[in-house]
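There are 2 protein chains.
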Amino acid sequence: MHKKLFIPGPTEVRQDILDAQATPLIGHRTKAFTELYTGIIDKLKELLETNNFITVLTASGTIFMEGAIRNCVNNDVLCCVNGAFSDRWFKIAQKCDRNSDVITVDWGKAIKPEMVDEKLKSKKYEALTLVQNETSTGVRNPIEDIAKVMKNYPDVLFLVDTVSSLMGDKINIEELGIDICLASSQKAFALPPGLALCIVSDKALEKAKTVKGRGHYCDFVGLKDYFDKKGQTPSTPAITLMYAMDKQLDKIKAEGMGNRFKRHAEMAKYVQDWGKKYFSMFSEPGYESVTVSCMNNTRKISVADLNTELGKRGYAISNGYGKLKELAFRIAHMGDLTLDEIKELINNINEILGI
Amino acid sequence: MHKKLFIPGPTEVRQDILDAQATPLIGHRTKAFTELYTGIIDKLKELLETNNFITVLTASGTIFMEGAIRNCVNNDVLCCVNGAFSDRWFKIAQKCDRNSDVITVDWGKAIKPEMVDEKLKSKKYEALTLVQNETSTGVRNPIEDIAKVMKNYPDVLFLVDTVSSLMGDKINIEELGIDICLASSQKAFALPPGLALCIVSDKALEKAKTVKGRGHYCDFVGLKDYFDKKGQTPSTPAITLMYAMDKQLDKIKAEGMGNRFKRHAEMAKYVQDWGKKYFSMFSEPGYESVTVSCMNNTRKISVADLNTELGKRGYAISNGYGKLKELAFRIAHMGDLTLDEIKELINNINEILGI
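Going down the list, the protein sequences come from chains A and B.
Numbering (my numbering) for the first sequence: 21 to 375.
Numbering (my numbering) for the second sequence: 21 to 375.
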C-alpha cells in the first residue's frame, strides 16, 4: 500500500503529475524541447514574480548550495547555522576550500537580524548563506528582517536556500535582494525529486565572472549564456521530470499563488495548534515554518512505532532529524496536500495515541 | 505523433519503462529506498562485471567529467581530444582551474596508443581523460590498446567517459584498469535522462582523499562513505527515475549482456554497410562506434529536410554535431532498438532520398 507522504520531502505527488513523466521522449536539442524549457522558465518567473535569471538543473537542491559557493565566493563567506541543512551549507563551503565563518544558534532557534549585523560589521565577507526554512527543525528564519540588514552591506551577496518553502511560503525574491535563491522540485512544488532550481541576480552573475574554478555543470555564467543563446540547458536535462514540472506549474497557476500560500498557512496553523495542545513546538515561538512542523516528543511516545502504525493506515510522517530522531517528530504540510488530508492524518495520530 | 528516437541520446525508451516512473513516491531515508538503491547497485555490478564502487547520481553524465577532475587531479591532467565531448572534458578541466594539456587529432580520427605513450613519457601527469566513444563523430577510441600503455604509468589515473557506449559496447572496466568510468542513463541503457553513473576504482578513491576542494555533491569519498553506512545517497535522489532504472536493469539481465552486445554490433554493421554504400563514413576505418554511426554527407542532401520528412513518418535521426551540422549526419543504434527497427528506418531514408 502506498503511504501518503507527510514527510518534508519528497512530498506527495498527484497521480496525473506522476503520469506526465510517462510521455515519450523528445530530443533535447529540438525546437519542441526549447518550447518546453522556455515555457517552464516563463511560468516560474510569473509565479515567483521575478525577472532574475532562472535555471532548472538535473540535480538535488544541494548542488546549488555548492554552486552558490563556487560562483559567488573567492575567499570569505559567512554561514548562518541553526539546523542540519544550514550546517551542511557551512560544511560545503569548507569542502570547496573557502574561509567559512559561522553564526550559530541552537537547533530550534531562529537567526536574528542583529546577529547578522554584528558579524557583518566585524569583517568583510563576500556572501552570507541562510537557509530560510530549516527543514530539520521547522524554523522559519525571519528573512524579511535579515534582508533589511543585508541592504546595509551591498557588497555581501545574499545566498538563500528556500528548498522546503518556495511555492508554499511567500518569498519576495527581488524585494528582499536575494542574490541566489535555490530550491528543489520535491518539496512545496509537489513534484518528484530530480530537478533543482536557482534564481540568480545580476549582481551574483557579475560576481561569478570574477571567481575562478567555477567549473561547468553549475557555472551560472555558462548556464545563462547557453540559455540566452539556445533556450536550452548545456547538459542533457531530465526531460520526463520537466514534463511533470510543466504540467504542475499550470496547476499551480490555476490554484493561484495567493490561494496556495493561504492553504499552506491554514495547514500549518492546524498542525501547530494541535502540536501545542498535545506536545510542544520544537521551533522558537513566532518562527514556526509554514511548510513543516517539528514537535517536541514531550509525551515520550515511540515515534518509530507511531510511524509503523500510521504506515498500516497509509500515511507517513518523519522522525526528528539526526540527533533529534526520537526526541522530536515532524509533519510536513506542503505541496498539494489539503487541510482535509491534514485533518485526516491528525485524527489517525490521535486515534493511535489515544489522545 | 511521437518520433522514434534514432538520435545519440536521449534514446528511445519503451513504454513500460516510462510507465515505471509513475509509481507513487517513497521516502529516500526509508528501508524501501535502501532496498531499491542497493538493488540497483548490485544489478549494475553484476551486469558490468565489476566490484569497483558504483554511484548513481541525479545529474547528466557531464557532472562526472567535472567530478573526475575535482576528485582525481590536483594540478596536471592530460586530455585526449578528438571530438566535441572530449573537448568538453578538456575545457571542464580548465574551468576547474587545472593545468590541462591535450593530445589532439582531427574530428573523425581516433586517439592511438602511441600518442598517449609519447605524451605520458614527456611529463608527469596525475590523470588521463579519454572519451571512449565520441558521440559527436561516431569514433570508438581503441581503449583496449590505450589501456595497455596506461599499465606502464600506474601513477596516472585512467579517466574514461563511456556515456554513449556503456551497456551497448563491452567495456572490461577492471581488466582495462579504468579508474573512473562514467556514463549516463539516456544512451545505451535506454532510460530517460537524469541519472549519471560513475564506477570508481580504489586507486581513484585513495587519490581523491589527497585532493582539496572536492566539494560535496560529487565527492567520491563522501558518496562512498554514505553508501557504505546507509545504502543511500547523501542528497535526495531522483526516485522515479530509479524506479525506471531498476526495471530496465532486470530487462537487460533477461536479454543477457552477450546478446545485447551482439544486437548492437549487428545494428552497427547494418547501418555502416549502408553508410559506406550510399555515403562514406566520417569515422576512421576500423574505429567505428557500435552505438552511433556518423556518415559524411557525400550526396549533399539537406539533412534538415531529410529529418523533417522522417519526422512525418515518426522517426528522428541527428544532424552532424556542431560544425558538422550539414556536412554529416548521425544514426544512433543503441539501447533497446532492434535490427528490424533499424532496417525500417533505413528503408524509409532510402525511400525519401530515392536511393
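Honestly, the hints are just simulated from the structure, not real lab data.
There could be a bad hint or two in this list.
Since the list gives no way to pick one copy over another, a pair counts as held whenever it fits inside one copy or between any two copies.
Said to hold, decoys possible - Straight line, CA to CA, 27 Å or less: simulated DSS-like cross-link-like pairs of lysine-lysine: (1) Lys143 / Lys297; (2) Lys232 / Lys129; (3) Lys223 / Lys282; (4) Lys143 / Lys273; (5) Lys232 / Lys111; (6) Lys282 / Lys250; (7) Lys249 / Lys345; (8) Lys332 / Lys250; (9) Lys223 / Lys267; (10) Lys232 / Lys144; (11) Lys143 / Lys289; (12) Lys51 / Lys332.
Just so it is clear, the structure is predicted and the values come from calculations on it, not from any experiment.
_Hints breached by this structure_ = 1, 2, 3, 4, 6, 9, 11
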